[in-house]
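For the record, the sequence lines run as chains F and V.
Heads up: the first sequence runs through residues 1 to 114, numbered per this note's numbering.
Heads up: the second sequence runs through residues 1 to 115, numbered per this note's numbering.
Just so you know, the hints here were simulated from the structure itself, not pulled from any lab data.
Keep in mind it's a predicted model, so treat the numbers as computed, not measured.
Check the hints yourself; a few may be wrong.
Selected chain V positions facing chain F (in silico; Cβ < 7 Å) [stated by the list, open to error]:
#: 1; residue: Gln41
#: 2; residue: Gly42
#: 3; residue: Pro43
#: 4; residue: Phe45
#: 5; residue: Leu55
#: 6; residue: Glu56
#: 7; residue: Phe74
#: 8; residue: Glu103
#: 9; residue: Gly107
#: 10; residue: Pro108
#: 11; residue: Gly109
Residues of chain V clear of chain F, computed beta-carbon distances all greater than 12 Å [stated by the list, open to error]:
#: 12; residue: Thr2
#: 13; residue: Pro8
#: 14; residue: Arg15
#: 15; residue: Glu44
#: 16; residue: Ser62
#: 17; residue: Gly72
#: 18; residue: Glu83
Quick reminder that beta carbons are idealized off the backbone N, C-alpha and C, glycines included.
Residue strings, one per chain:
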Amino acid sequence: GQNIDQPTEMTATEGAIVQINCTYQTSGFNGLFWYQQHAGEAPTFLSYNVLDGLEEKGRFSSFLSRSKGYSYLLLKELQMKDSASYLCAVRHLPPGAGSYQLTFGKGTKLSVIP
Amino acid sequence: DTGVSQDPRHKITKRGQNVTFRCDPISEHNRLYWYRQTLGQGPEFLTYFQNEAQLEKSRLLSDRFSAERPKGSFSTLEIQRTEQGDSAMYLCASSTPAGSPYEQYFGPGTRLTVT
Numbered sequence: 001g002q003n004i005d006q007p008t009e010m011t012a013t014e015g016a017i018v019q020i021n022c023t024y025q026t027s028g029f030n031g032l033f034w035y036q037q038h039a040g041e042a043p044t045f046l047s048y049n050v051l052d053g054l055e056e057k058g059r060f061s062s063f064l065s066r067s068k069g070y071s072y073l074l075l076k077e078l079q080m081k082d083s084a085s086y087l088c089a090v091r092h093l094p095p096g097a098g099s100y101q102l103t104f105g106k107g108t109k110l111s112v113i114p
Numbered sequence: 001d002t003g004v005s006q007d008p009r010h011k012i013t014k015r016g017q018n019v020t021f022r023c024d025p026i027s028e029h030n031r032l033y034w035y036r037q038t039l040g041q042g043p044e045f046l047t048y049f050q051n052e053a054q055l056e057k058s059r060l061l062s063d064r065f066s067a068e069r070p071k072g073s074f075s076t077l078e079i080q081r082t083e084q085g086d087s088a089m090y091l092c093a094s095s096t097p098a099g100s101p102y103e104q105y106f107g108p109g110t111r112l113t114v115t
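If we strip away everything but chain F, and leave its shape as in the complex, we get (with noise of 0.2 Å):
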């Protein structure tokens, strides 16, 4: 079956940087997502990756190595409102199935504090 592990929690402080983890296993991948998504609303997207390396929009930033099954997403010059929980998804084709599936982790849930 697929794994996808992410911390629970994280605390930062407004205006400094957090990194948030998150591994996987999973086989047939086809690239990885990072999602946001505020207390009782919707996941919007923030990220893609489907090759190794850093990809930066903006004060988000999303690493990928898929050799090691591990992705990251940095968050800079954190702000308040970007208190959310982050959601790590992979994209992959599960055995059996005739296309590919998002699979989700169960989020990491963000505070940013002043």
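Following the hints, position chain V against chain F.
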């Protein structure tokens, strides 16, 4: 608003009743997904449509669950004989193969409470 919409946003029902949820995807998106999310968990895949064809169903989806997308546009998810364990947020998402990078756009969800 041209995003994914879901109706109703909240549903409270008694155990044993049937419920139906509706999802309207982004108009040019031919792919539609249903997920279930419980507190403290990430969304769990339930089923996937490409146009009107249901291509994938999760093993999580019991016989009490059925989904349709009759004209390849909106979709419905029905749960028959609801159980308390069905209480969750039901999320719909859509995507297009023309989009990059296969990003799925999520709707606001339908929160189901079974009493």
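Outcome of the hint check:
no., hint, result
1, Gln41, "5 Å, holds"
2, Gly42, "3 Å, holds"
3, Pro43, "5 Å, holds"
4, Phe45, "5 Å, holds"
5, Leu55, "5 Å, holds"
6, Glu56, "6 Å, holds"
7, Phe74, "17 Å, violated"
8, Glu103, "5 Å, holds"
9, Gly107, "6 Å, holds"
10, Pro108, "5 Å, holds"
11, Gly109, "6 Å, holds"
12, Thr2, "15 Å, holds"
13, Pro8, "15 Å, holds"
14, Arg15, "24 Å, holds"
15, Glu44, "7 Å, violated"
16, Ser62, "18 Å, holds"
17, Gly72, "16 Å, holds"
18, Glu83, "23 Å, holds"
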